[in-house]
Structure formats: structure tokens, C-alpha cells
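The residues making up each chain are set out below.
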Amino acid sequence: MNCTDFEPLMADALEGELSSVDQRRLDEHLDRCRECSVQFDEAKRSLRALRSMPEPDMDRCAQADLAKSLRVNAVREIARPKSARYALAALRYAAVITMAFTGGYFWRNLPEAHLPSNTASRPPIVVSTDDSLLGRYDDHSLIGALAAAHFRNPTQSNLAKCMAAMATP
Amino acid sequence: MTPSLTGFEKYTRDVYGWAMRLLGRHDDALDIVQDVFLRWAEQCRREMPAHPRGWLRRVTVNRVIDARRNSMTLRRHADQVARPVADADAPTIDHELCEDVRSALQSLTETQRSVIVAKVWDGLSFAQIANENGWSLSTVKTHYFRGLAHMQKKLKSRE
Chain H
1 MNCTDFEPLM ADALEGELSS VDQRRLDEHL DRCRECSVQF DEAKRSLRAL RSMPEPDMDR
61 CAQADLAKSL RVNAVREIAR PKSARYALAA LRYAAVITMA FTGGYFWRNL PEAHLPSNTA
121 SRPPIVVSTD DSLLGRYDDH SLIGALAAAH FRNPTQSNLA KCMAAMATP
Chain F
170 MTPSLTGFEK YTRDVYGWAM RLLGRHDDAL DIVQDVFLRW AEQCRREMPA HPRGWLRRVT
230 VNRVIDARRN SMTLRRHADQ VARPVADADA PTIDHELCED VRSALQSLTE TQRSVIVAKV
290 WDGLSFAQIA NENGWSLSTV KTHYFRGLAH MQKKLKSRE
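Protein chains in written order, with this note's numbering: chain H, 1 to 169; chain F, 170 to 328.
Here chain H stands alone, though its shape is the one from the complex (with noise of 0.2 angstroms):
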């Protein structure tokens, strides 16, 4: 152990709340170590010193005089910033609601240029009968779709098959 390991034992030797192994310890570290040992003393002359000072008291009629003239000061202090905390908290949930108000409106009427174009992504869309496949069409417009079926079967309607067609990812 090195000097400061020993320094929480010194503090509790100045309360007398060592344990006698852990006092026998301190003793042969402040034999040999010089710097500890008057270090431990100099605390002990603080801790004295300390100790020394009586404890006052405060007498009723202080404690009261100060409990009226502190009653009047900590009730200016207290209502006055009150209205201004509450007025602070309204406008943050103002600018919240607004903002996103706000966000919400721009992001709605975007033209549909701005908007981002997914397209590329998407499947074709195969028109099919029971017994063959029609045809797969890139444009996904349901117009496109229907009139496709319709030139391929004009007595049959394949709009149902159109629609599930397209609803298939």
C-alpha cells in the first residue's frame, strides 16, 4: 500500500472509527512514513479547532423576524418569473405546432416533379387471362392496363384481372 491508500484509514482514525487490525496497519505505515505522520497531525490540530467553536443558537425572535421579512421577499420572488416561465412554455409549444403545421402544408403541395420519382422500381404489370399471358406493360397507368386486355379479348372483361394484375407486387 502507498501513502495514499493509508489516507482513507487516517480519516478514519480522526473519528475513532477504525478497526483495531486496520489501527495496528496505520501505526507501522505512520512509524516509518514521515511525510503521513505529520500530515495526520496537522489534521487531528484542524479537527480540534473545529470541534472548538461552540454551536450557536438562533433565538425565536430572530427566527421569526427573519420568517416575515423572507415570507414577503420569497413571495415577490416566486410570482413574478411564474407568468414568465408559463409565457415561455406557451411559445415553445406554439413554435412546435407551427413548424410542423408549416412542414407538413410545403410537403403536401409539392409539385409532383419535386416529389421523389420511384418508378424505376416498380414491377411491370402483367395482364393475363386464365390461359395466357397477355402482356407485361412498363406504363402503370390503368388505362394503359385496361385497354391492353380489351384489344386482346374485347367480349371478356379482364378489368378484375387487370386489377389484381396490378395489385400483385
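A few of these clues could be false.
Okay, derived cross-link-like pairs now, EDC-like style, lysine to aspartate or glutamate, Cα gap no bigger than 16 angstroms in a straight line [claimed, not checked]:
{"hint": "1", "chain 1": "H", "residue 1": "44", "chain 2": "H", "residue 2": "17"}
{"hint": "2", "chain 1": "F", "residue 1": "322", "chain 2": "H", "residue 2": "42"}
{"hint": "3", "chain 1": "F", "residue 1": "322", "chain 2": "F", "residue 2": "268"}
{"hint": "4", "chain 1": "F", "residue 1": "322", "chain 2": "H", "residue 2": "35"}
{"hint": "5", "chain 1": "H", "residue 1": "44", "chain 2": "H", "residue 2": "27"}
{"hint": "6", "chain 1": "F", "residue 1": "179", "chain 2": "H", "residue 2": "57"}
{"hint": "7", "chain 1": "H", "residue 1": "44", "chain 2": "H", "residue 2": "12"}
{"hint": "8", "chain 1": "F", "residue 1": "322", "chain 2": "F", "residue 2": "269"}
{"hint": "9", "chain 1": "F", "residue 1": "323", "chain 2": "F", "residue 2": "265"}
{"hint": "10", "chain 1": "F", "residue 1": "179", "chain 2": "F", "residue 2": "269"}
{"hint": "11", "chain 1": "F", "residue 1": "323", "chain 2": "F", "residue 2": "269"}
{"hint": "12", "chain 1": "H", "residue 1": "44", "chain 2": "H", "residue 2": "15"}
{"hint": "13", "chain 1": "F", "residue 1": "179", "chain 2": "F", "residue 2": "291"}
{"hint": "14", "chain 1": "F", "residue 1": "323", "chain 2": "H", "residue 2": "17"}
{"hint": "15", "chain 1": "F", "residue 1": "322", "chain 2": "H", "residue 2": "57"}
{"hint": "16", "chain 1": "F", "residue 1": "323", "chain 2": "H", "residue 2": "15"}
Think of the hints as simulated: they come from the structure by calculation, not from any bench.
Add chain F to chain H, keeping to what the hints say.
For chain F alone, kept in the frame of chain H given last:
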């Protein structure tokens, strides 16, 4: 009753005791008490301290040290009833001792000062001080010992 005034009712005597030990003058101690509790009221509006007594103790000691260091005129409030200096009943303390102790405490770090006042004048155990401040037990003891050893360099011999 507001939390700040509840704290006043509970801790006035303690704050006065710490201030009086450090200042040695009744009126000055009352000024410090009033100043500390006004800060306490401000703190309660923001957030109640987790350890009120520890908070008050730290603020009291630091307020005395700051007032001394800056040579500030202690704030006096118009509606405070001042006790006359010549009042024979006003408590007094050995001013030279107070001056020595205050000067010695001023030379310490805030942590050392806080631990020593809590241990010696407030009677807290090392474990209680550690819990109040979120420190380890060995840290508290080390600060305590080093602070006391350092104080002696400033303190006159009182033996």
C-alpha cells in the same frame, strides 16, 4: 405553504448555525440566512434539490466565502428587523477563531470544504455524505483527510 417556505421552517437554525460559526456576528449571519433562503426559493421554482440539507449547507458556506472574498456588502432587506450591535443578548463567538477557520476553509477546494462542514458541523457519517453527493466512500474520506491536513497550514495554533 410553498416548498421554499417549508424548507425555511425546517432548516433555518441549521443555516444560521453554519453562517454564525463562519462569521461570528449575529447580524451578518442573519443576512446570510436570508440570502441563502432567497436562493433556495429560486431553486425550488426550478427544481427541488434531491438533498435539501446538503444543498443549503453548500450554498451557505460558499456564500460566506464569496462574500468574504469579494468584500461585498451583505444584502440587507428593508423589512428585516436588525438587532442592535450593542445588544448584550446577541450571541457572539471568538472572532479570531472564526476568522482563522473561514480563511482556512477558503483555501480548500469546494469538495473538501463541503465534506468537512458536513462531517464536523452537521454530524453526517461518511456514508451519508457519499450518498448525498454520489461519491464513493473512499473519495469522501480522502477529501476529508486532505482538507483537514491542508487547513492546518492556514490555521494558527489553538492549543
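* Asked: Taking 16 angstroms as the top limit, are the C-alpha atoms of residue 322 of chain F and residue 42 of chain H close enough?
  -> Holds, at roughly 8 angstroms.
* Holds or violated: are the alpha carbons of residue 322 of chain F and residue 269 of chain F at most 16 angstroms from each other? -> 11 angstroms, holds
* For the pair supplied as a hint, residue 179 of chain F and residue 291 of chain F, confirm whether the alpha-carbon distance does not exceed 16 angstroms. => Answer holds: residue 179 of chain F to residue 291 of chain F is near 14 angstroms, not above 16 angstroms.
* To do: Verify the proposed pairing of residue 322 of chain F with residue 35 of chain H, using a straight-line Cα cut of 16 angstroms.
  => At roughly 14 angstroms apart (the allowed maximum being 16 angstroms), residue 35 of chain H and residue 322 of chain F satisfy the hint.
* Please work out if residue 44 of chain H and residue 27 of chain H have their alpha carbons no farther apart than 16 angstroms. => 15 angstroms, holds
* To do: For the pair supplied as a hint, residue 323 of chain F and residue 269 of chain F, confirm whether the alpha-carbon distance does not exceed 16 angstroms.
  => 7 angstroms, holds
* Is the straight-line distance between the alpha-carbon of residue 322 of chain F and that of residue 57 of chain H 16 angstroms or less? -> It is violated: about 30 angstroms lies between the C-alpha atoms, which goes past 16 angstroms.
* Restraint check for residue 322 of chain F with residue 268 of chain F, where alpha carbons must lie at most 16 angstroms apart -> At roughly 14 angstroms apart (the allowed maximum being 16 angstroms), residue 268 of chain F and residue 322 of chain F satisfy the hint.
* Under the criterion that the straight-line Cα-Cα distance not exceed 16 angstroms, is the pair residue 44 of chain H, residue 17 of chain H satisfied? -> Between residue 44 of chain H and residue 17 of chain H the Cα gap is close to 14 angstroms, so the pair holds against 16 angstroms.
* **Pair hint outcome, residue 323 of chain F versus residue 17 of chain H [Cα-Cα no greater than 16 angstroms]** => 27 angstroms, violated
* Is the straight-line distance between the alpha-carbon of residue 323 of chain F and that of residue 265 of chain F 16 angstroms or less? -> 13 angstroms, holds
* **16 angstroms Cα cutoff - pair residue 179 of chain F, residue 269 of chain F** => The given pair, whose Cα atoms are some 30 angstroms apart, is violated under the 16 angstroms limit.
When held up to the earlier numbered hints, the structure conflicts with 10, 14, 15 and 16 and fits the remainder.
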